[in-house]
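Given only the sequences and the hints, what does the whole structure look like? Please build it.
These protein sequences, in sequence, are chains H, X and P.
The working numbering numbers the first residue of the first sequence as 1 and each following residue consecutively.
The working numbering numbers the first residue of the second sequence as 290 and each following residue consecutively.
The working numbering numbers the first residue of the third sequence as 609 and each following residue consecutively.
Simulated from the structure, these hints should not be mistaken for laboratory data.
Each statement offered as a hint is correct.
With a straight-line Cα cutoff of 20 angstroms, these simulated EDC-like cross-link-like pairs (lysine to aspartate or glutamate) come out:
1) X:K607 - H:D60
2) X:K607 - H:D42
3) X:K511 - H:D42
4) P:K647 - X:E478
5) X:K457 - H:E136
6) P:K670 - X:D473
7) H:K235 - X:E589
8) X:K345 - X:E552
9) X:K607 - H:E37
10) H:K65 - X:E603
11) P:K647 - X:D473
12) X:K510 - H:D42
13) H:K151 - X:E589
14) P:K737 - H:E37
15) X:K604 - H:D52
16) H:K235 - X:E573
17) X:K457 - X:E481
18) X:K604 - H:E37
19) P:K737 - H:D42
20) H:K137 - P:E648
21) H:K55 - X:E603
22) X:K604 - H:D60
23) H:K65 - X:E589
Since the structure is predicted, the reported quantities are computational estimates derived from the model, not experimental observations.
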Amino acid sequence: MRTHRFAGYLFILPALLFFLAFLVYPLLHTVYLSLTEWAGFDLKKIAFVGFDNFKLIPPDWIFWKAMRNTFYFVVGTTVFLNLFGLGLALFLNNSTRFTHVVRTLVFIPVLLSPVIVGVMWSRIFDPFGVLNQILEKLGLIQTPIFWLGAKNMALVSIIGATVWQWVGYDMVLYLTGLQQIPEELYEAAMIDGANRWQMFRRVTVPLLKGVATMVILLNFIGGVRIFDLVYVMTKGGPNHNTEVLATHLYEVAFWFNKMGYASVIAVIILAISLVFAYLRSRLMSEEKA
Amino acid sequence: MVAEAAARINRPPRDASRPKLDIPKYFPSALADLTFEGNTYSIPLDVNNLTVFYNKNIFKKVGQKIPETVDDLISLCKALKAGGYMGIAHGAKDGWPAGDLYFQMLAYSDGSHTMLRKADFGKLTWNRPEFIEAALQILKMNANGVFPPGTAAVDYFTGASQLFTQQKTAMFYPAGSWIVGGFDTNFPEGVEYGLFPFPKISKVQDSASTGGVATNWGVLKKAKNQDLVLAFYRIAADMKSAQILIDHSMIPPYAVNIQAKREILADMIKTQAIAQTRFVFTPELHSQVMSGVQGLFTGEVSAAQFVAALDRVEKTIKR
Amino acid sequence: MPRREPFSRNLIWILIALWLVVTLFPFLWVLSLSVRTPKEVFTAILLPKTIRLANYLEAWSKFGFTLLFRNSVLVSLSSVAVTVFISALAGYGFSKFRLKGGSFLFHLILSGVMIPPVAVVIPLFVFMKRLGLFNSYPSVIIPYIVFGLPVSTFIFKSYIQNVSNDILDAARIDGCGELGIFLRILLPIIKPAVATVTIFTFMTNWNEFLLAVIFLHDKGLYTLPLGMSVFVGQYSAPWQLIGAGVVISIAPVLVLFFVLQNQFIRGLTAGAVRE
Numbered sequence: 001m002r003t004h005r006f007a008g009y010l011f012i013l014p015a016l017l018f019f020l021a022f023l024v025y026p027l028l029h030t031v032y033l034s035l036t037e038w039a040g041f042d043l044k045k046i047a048f049v050g051f052d053n054f055k056l057i058p059p060d061w062i063f064w065k066a067m068r069n070t071f072y073f074v075v076g077t078t079v080f081l082n083l084f085g086l087g088l089a090l091f092l093n094n095s096t097r098f099t100h101v102v103r104t105l106v107f108i109p110v111l112l113s114p115v116i117v118g119v120m121w122s123r124i125f126d127p128f129g130v131l132n133q134i135l136e137k138l139g140l141i142q143t144p145i146f147w148l149g150a151k152n153m154a155l156v157s158i159i160g161a162t163v164w165q166w167v168g169y170d171m172v173l174y175l176t177g178l179q180q181i182p183e184e185l186y187e188a189a190m191i192d193g194a195n196r197w198q199m200f201r202r203v204t205v206p207l208l209k210g211v212a213t214m215v216i217l218l219n220f221i222g223g224v225r226i227f228d229l230v231y232v233m234t235k236g237g238p239n240h241n242t243e244v245l246a247t248h249l250y251e252v253a254f255w256f257n258k259m260g261y262a263s264v265i266a267v268i269i270l271a272i273s274l275v276f277a278y279l280r281s282r283l284m285s286e287e288k289a
Numbered sequence: 290m291v292a293e294a295a296a297r298i299n300r301p302p303r304d305a306s307r308p309k310l311d312i313p314k315y316f317p318s319a320l321a322d323l324t325f326e327g328n329t330y331s332i333p334l335d336v337n338n339l340t341v342f343y344n345k346n347i348f349k350k351v352g353q354k355i356p357e358t359v360d361d362l363i364s365l366c367k368a369l370k371a372g373g374y375m376g377i378a379h380g381a382k383d384g385w386p387a388g389d390l391y392f393q394m395l396a397y398s399d400g401s402h403t404m405l406r407k408a409d410f411g412k413l414t415w416n417r418p419e420f421i422e423a424a425l426q427i428l429k430m431n432a433n434g435v436f437p438p439g440t441a442a443v444d445y446f447t448g449a450s451q452l453f454t455q456q457k458t459a460m461f462y463p464a465g466s467w468i469v470g471g472f473d474t475n476f477p478e479g480v481e482y483g484l485f486p487f488p489k490i491s492k493v494q495d496s497a498s499t500g501g502v503a504t505n506w507g508v509l510k511k512a513k514n515q516d517l518v519l520a521f522y523r524i525a526a527d528m529k530s531a532q533i534l535i536d537h538s539m540i541p542p543y544a545v546n547i548q549a550k551r552e553i554l555a556d557m558i559k560t561q562a563i564a565q566t567r568f569v570f571t572p573e574l575h576s577q578v579m580s581g582v583q584g585l586f587t588g589e590v591s592a593a594q595f596v597a598a599l600d601r602v603e604k605t606i607k608r
Numbered sequence: 609m610p611r612r613e614p615f616s617r618n619l620i621w622i623l624i625a626l627w628l629v630v631t632l633f634p635f636l637w638v639l640s641l642s643v644r645t646p647k648e649v650f651t652a653i654l655l656p657k658t659i660r661l662a663n664y665l666e667a668w669s670k671f672g673f674t675l676l677f678r679n680s681v682l683v684s685l686s687s688v689a690v691t692v693f694i695s696a697l698a699g700y701g702f703s704k705f706r707l708k709g710g711s712f713l714f715h716l717i718l719s720g721v722m723i724p725p726v727a728v729v730i731p732l733f734v735f736m737k738r739l740g741l742f743n744s745y746p747s748v749i750i751p752y753i754v755f756g757l758p759v760s761t762f763i764f765k766s767y768i769q770n771v772s773n774d775i776l777d778a779a780r781i782d783g784c785g786e787l788g789i790f791l792r793i794l795l796p797i798i799k800p801a802v803a804t805v806t807i808f809t810f811m812t813n814w815n816e817f818l819l820a821v822i823f824l825h826d827k828g829l830y831t832l833p834l835g836m837s838v839f840v841g842q843y844s845a846p847w848q849l850i851g852a853g854v855v856i857s858i859a860p861v862l863v864l865f866f867v868l869q870n871q872f873i874r875g876l877t878a879g880a881v882r883e
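Shown next, in the form of structure tokens:
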């Protein structure tokens with residue numbers, strides 16, 4: 001029995017070692033680095049400066065712009081991803097050939113690298129690109145819309161491209177949730193004389209609450225760490241109007257060569273993610289109970 | 290991209306050694322980019338020369354000549370618009386072209402050509418007429434239709450370059466030797482293009498393009514075979530090597546008597562003589578110049594706010 | 609569900625059709641873009657008059673797809689192989705052995721999902737520089753392995769938990785060594801979990817960009833996403849070639865998807881919501 005247990009430890013050892021060395025240690029190191037100043041070139045020149053780096057946050061208006069943009073991004077994407085995702089799931093919840101095809105097609109964008117999505121949509125959003133071409137042909141606009149070049153439109157366009165990519169994902173999660181609602185509950189409600197809307201309110205909604213909260217939190221967690229799409233489409237511009245926390249970190253670390261300050265931003269991103277993750281794990285354990 | 294890379298290389302590294310070389314008569318503007326506090330850290334292989342490329346066919350069609358001043362440029366663009374063409378394709382979305390545009394205007398608004406370098410190192414504030422003037426000129430040109438609408442959304446290589454090669458605009462800026470190959474490939478048959486330095490602000494000025502080091506070479510202190518490396522550099526700086534550079538569409542960083550076979554390259558070499566350095570080494574300031582110009586294009590930022598933001602950034606920099 | 613009233617039913621179908629158009633149009637447009645001649649890049653909306661298939665050959669060589677695909681395959685396959693192997697081992701260890709502190713360690717690894725890669729890139733940067741691995745394949749392979757561990761371990765543990773102990777005990781009585789049991793008895797049984805984990809980690813790594821852009825500086829090391837972004841940002845790429853490049857990039861993934869549809873969908877959404 002002892003060799004039995006010993007073998008168990010050996011089995012978990014490789015994963016554990018990898019995890020401790022390349023995730024836990026770097027995590028602690030990030031916190032440490034936020035207290036240092038380093039340009040990123042000479043390893044011997046990492047200097048301890050205490051909380052000085054944290055004092056750089058209040059005057060850093062790019063950081064606050066990034067915070068604001070990240071907030072809008074997270075909220076904007078989550079709202080529409082869930083709205084469309086749930087909507088599609090509700091109406092595609094039967095098992096016909098047709099709905100199966102539609103579900104598969106809607107899921108395809110999820111497979112793509114955000115870089116590819118960014119490259120595609122940058123062309124589509126180009127002032128002389130196909131979206132404006134279509135809108136002009138339809139007579140809906142006279143002058144081109146600057147999807148990625150106008151102050152507020154740029155972030156909206158990026159949110160749009162993100163929603164386009166990930167609706168299929170939320171849809172699948174909601175479908176799984178819907179399919180776990182027992183058919184009998186609907187039948188019982190129908191016997192009680194409920195119409196479709198009442199059935200939705202009394203059966204679907206309460207039983208989907210858990211799934212919905214989970215999906216929303218997932219969207220939050222994914223939204224806070226957004227980098228690829230923004231970097232490829234606008235690099236955070238124009239004039240930092242699409243700057244998000246991750247792109248600001250990247251610029252501060254690898255452009256301004258302020259590794260210490262960048263680590264402060266990393267700590268902040270981490271803290272926000274941990275809050276959402278904690279909520280998610282609380283919910284999962286409640287679900288269990 | 291080249292400017293980005295050059296910025297990274299040019300950031301005074303604390304570990305590079307100082308090459309002991311007989312440095313040929315490099316253009317002062319080229320060497321200035323690579324010298325920090327009296328020490329030269331690397332030597333230039335070739336330089337970039339930023340000018341406006343223009344579509345000769347369109348100019349002929351609309352019957353226009355090369356503009357000398359910004360006002361000439363504005364009337365030129367009005368004539369172009371009547372003919373169905375747009376003015377200068379400019380990839381402001383990528384940031385660095387927008388920065389180059391600012392430095393170009395600064396080369397005209399600051400006749401001494403010394404203020405940028407001083408401000409870069411925190412020795413001069415940005416809130417002064419010369420810096421403001423350069424921003425005002427950009428606003429003036431944009432308001433008068435010199436640049437296509439939505440320029441802040443147009444990127445350099447796939448947006449602006451396409452506008453130029455698809456002949457929707459008559460001009461393109463900033464153009465350097467790196468883009469000649471792309472234009473050659475993508476222009477339809479029979480289209481000829483030439484260059485001129487960016488129009489100046491007032492008639493009495495001299496034309497000036499901006500230039501900067503493209504590739505440069507240094508030697509690390511811990512490098513082996515340092516003598517071989519330095520010997521190679523000496524050879525590369527020789528006049529014979531200049532021919533090789535020119536044959537590869539690169540511009541030598543010193544005056545040459547060689548005539549390039551292509552007219553456009555010959556023109557670039559000629560204008561290099563009048564080029565002014567354009568560079569900001571402090572990354573935060575460079576980033577702010579780029580963002581600020583984007584803001585000028587989107588109408589978000591006024592000239593006064595442009596320089597004020599730079600001063601704000603300067604305050605956050607620990608020197 | 610009961611019958612719906614005709615009006616809202618039609619409205620629903622219209623909305624779904626609209627979303628389908630929105631979803632598919634970019635693909636169709638990129639496809640059409642990829643076969644256009646330079647003249648028609650900005651003129652045609654969806655159907656060009658002339659078709660130029662040579663764009664694909666041009667895009668292939670210009671983008672350097674041979675190298676990009678090779679690098680992506682190398683990086684993705686190796687990281688996936690290691691992740692699958694060690695997380696299956698761990699999943700087995702956690703579910704079938706009563707380990708002291710086992711629950712704690714399992715939840716520790718699971719908590720790794722909370723950590724956004726962007727929050728640890730700088731320490732990883734230091735780490736790779738210290739190990740002399742910066743700008744090399746391992747510099748991305750190792751992080752890919754690690755970031756795939758939490759979800760993969762979770763999937764394997766859940767799956768293996770449901771494997772009957774009898775077969776394993778029988779093998780033990782027969783004198784089979786522990787590793788032998790794992791390799792010869794367990795692995796064949798947990799193939800579905802292996803498939804799920806493989807798909808999930810492979811797709812994540814194949815599409816990964818942030819770590820690649822920070823750690824891979826040599827053009828010869830570029831993975832597909834990195835190559836695409838650099839190319840579009842650094843060369844005068846005409847739109848029709850960009851279109852061709854995009855089609856080439858997504859074709860393999862689409863083919864795989866259509867072959868494995870359901871498994872793909874299950875794999876990619878695995879671990880998101882508790883089953």
